[in-house]
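Engineer: Below are the chains, spelled out letter by letter.
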Amino acid sequence: MSVLAALARELGEAQVGSTPARDSSSELDGSVRPRTGEELATALGVVAAARASVVVRGGGSWDGLGHPMPRARILLETAGLQSVPERGDPEIDSEDGVAHLPAGASVSWISERVRKETGGTWELPFDPVAPTATLGGCLATASPGFCFGHPRDVVLGLETVLATGVRVRCGGRVVKNVTGYDLAKLYLGSLGTLGVIEAAWIRLLPTPEKTACWWVPAADPSQAVEPARRSSARAAAWLSAGLARELEAPRAGMFLELAGDAPAVKADGDWLARQHAAEKLDPAGLDRVREMRARNPGLRVRVSARPSALTRVAAGLSAPGTEILAQPARGLLWALSQDEAVLAAVERSGESYLVEAAPQAVREARELFGESQALRPLQAALKAQYDPTGVLNPGRFAGRI
Amino acid sequence: MGPTPNPSSLEASLRDVVGADQVLTRPEELFVYEVDGLTHHSARPRAVVLPATTEEVARVVKVCRRHEVPFVPRGAGTGLSGGALALGRGVIIECARMNSILQIEPEDRYAVVQPGVVNTDLSKAVLHHGLFYAPDPSSQLVCTLGGNVAENSGGPHTLKYGTTTDHVLALELVLPDGSVVRLGSPSGWPAGYDLVGAVVGSEGTLGVVTEATVRLSPIPERTETLLGIFPDVVSACRAVGAIIRSGLVPAAMEIVDRRTIEAVEASVYAAGLPTDAGAVLIMELDGAAVAVGAQAERTRALSLAEGARDVQVARDEQERQRFWRARKGAFGAMGRLAPDLYVNDAVVPRRKLPEILEAVCAIGDRLGLRLSNVFHAGDGNLHPNISFDRRDADELARVLQAGEEILRLCVEAGGVISGEHGIGTEKREYMGLLFSDDDLEAMKKLRAAFDPTLACNPGKLFPTTRICFEANPKARGYDQVPFE
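Chains A and B supply the protein sequences, listed in that same order. Residue numbers 1 to 401, in my numbering, belong to the letters of the first sequence in order. Residue numbers 1001 to 1484, in my numbering, belong to the letters of the second sequence in order.
With the rest of the complex left out, here is chain A (with noise of 0.2 Å):
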């Protein structure tokens, strides 16, 4: 019995989808879409026990992230877990300030129903670069947004489905917690390849009193640290000159949203205009914004840097047709661009890197993730001790475990 049939049996036709299909890089020959947590641990016992293997999937915005993966045949769609373990709807706690949410959810509609269900007193802490992402994707990813830091940050537990099909859950509800390993750390950012999320307890963060948007002219990164770490400062990008057009900037400078209480956002913005000449803005140059991190001219590089580094690292990215942006005091950069010299100067930074977006043959030739060569080892161990069989995104991460 072929292993789509074995998941139909098990799941029920409906679940199943035999026709062919297409992720980023691969061509599979059909895809799975399990509901529950119970669902999902049947089907990956199924594709574990016929030694196939999956491309795991929440909303598709990130489908190019990573090195194809052609030995897996079988699409696994995570956008249909939209129930959380034992109690089965989305628990929002407002009193506490947490919240147990399913994977498959949009952040989008999650974020709506935080706002309803708490009065507005607090929020979820993600801003996503696609409206379609799901929660699930956007731990798998740990993808930075604007607003709000590292998912680290916020996540307090989470259950996952291991690629035998078992259950395992690790953190909890608490916002503060040492019992055992910090696993959640672990399966976040690790593109769906040791665990497939399948509920997260996040902590909710309060909505900010006020918020407002402005423009640091800054000719280079670094110029723009200082005014990206006023204590209001959420959400920063420094946009070459190129991008800066876009927001009708003559020149490089910083999109910045200042938001908390309203004396400290009025004081900072006072602050952002006396030193440093900023200019109001229209708050929906967020959204533009985030349009440029997800846009894809042909490669997408995120570099990590000292703050103090992001300058020389623009620098040497440089070239006509590529455009940055940076988070600044976050020491975070990415370089859109065509050209794929852009991929060597990188790598000449010393920086750890990783590339978010690239065709298809640089994706199949090149190593997408900078970083150590001497953390291999010790991350193909991971893989070995949580996906031995390589059931989950084979050949997709680091040194293509």
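Hints listed in this document are in silico derivations from the structure and should not be mistaken for laboratory results. Small disclaimer: the values here were computed from a predicted structure and weren't measured. Just so you know, nobody snuck in bad clues.
If you want a taste of the chain B side facing chain A, the calculated C-beta under 8 Å gives, among others: (1) A1288; (2) D1379; (3) D1438.
Note that the Cβ used here is the ideal one computed from N, Cα and C, for glycine as well.
With chain A's structure known, arrange chain B on it following the hints.
Structural biologist: Chain B only, in chain A's frame:
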């Protein structure tokens, strides 16, 4: 493990690495390493070795592996869960000599430190840059950053600033096979698996941290400290809930109950707290100068609405220190009550605090114990403290019974069995309260990837049937535990 190797050979090999005077083997030297801050668990190490460099640590680890002897990294030994005990007659790798701050980068807001640097010394060293190191465990005057990394230490200001894991950017780690790896980077956004996140809080079971790159935070423009005086601990807990619900994020919210106030006021830490109060709630807000005053006023109003009979605002730094003295001196003050202090550590959802606190006190009363509470209320992190005399076998048994009942109570309320002290030997048998066998197996996979032979700090974190200290609370025979 194979047959017991010749002990003199191990010791000679260790001396070859670090020098004869940096290897301790005499009983009177080993005695002080038998326990950490959890005094009713003990195990005598086979040797204690004090390396000075990463290379020496790596060589020590290789010597231990060659002799098939387990090893345990140790900081200042202030841990409260038995995590630094050398089970299986292991070797303790004492990091006290690795106590240098290697690099301070104020512009990029990080520092590189060796594991033996005392927590508060780092903040002192960067103060003139307008920076500080945020995690502030109560033992911060003596505890070391290596130990903080191992335990993912918290502290009163965790509420706003997070625990150690939120402040570690990179690590140098000697793996259990003696190889050295560097995890993470000063910029803090790794491209591969988050190995730093996995190692922080792993209780020294994945390797020996020999260097840590930690984030430095800017000293807030303004700090307001309030002291709420409540008729009872339940109303103080309700005030905490109201403040959290409102969306305010204080830097710290700490409750000190009546029994603790009485102990503090009778000690050298006396802070002038009203001994007729049922509890005090210390609340600290910090941030932008223009915003903190209004936040403090909101906090004060919410406290009064929940029954505070008075809320004082510190008028100056001296008064702020006085408020904090009651909190920070609490554990020292307990020393007057009994020779031993058992500090439990559990977390519950914050809205459950009032009912849980009542239940915790009832457990202490029912078992005839001197139980008091001083805890990180803003995080829901309880610290029921039980003063006792471990030489009294019956009292010790009741202490352990209370500890177990409190943990069960917290888990039933949706909480967990440790918020900042770790599992160590103390709570490993209770991991099953929270986690299934499958959950624990998933954790063991992490362990196996780093340490397939389980040589590094064995016998911690995971339940074992080889020891039954619950059945025999007087048992101190951890040195009889076979090396896993």
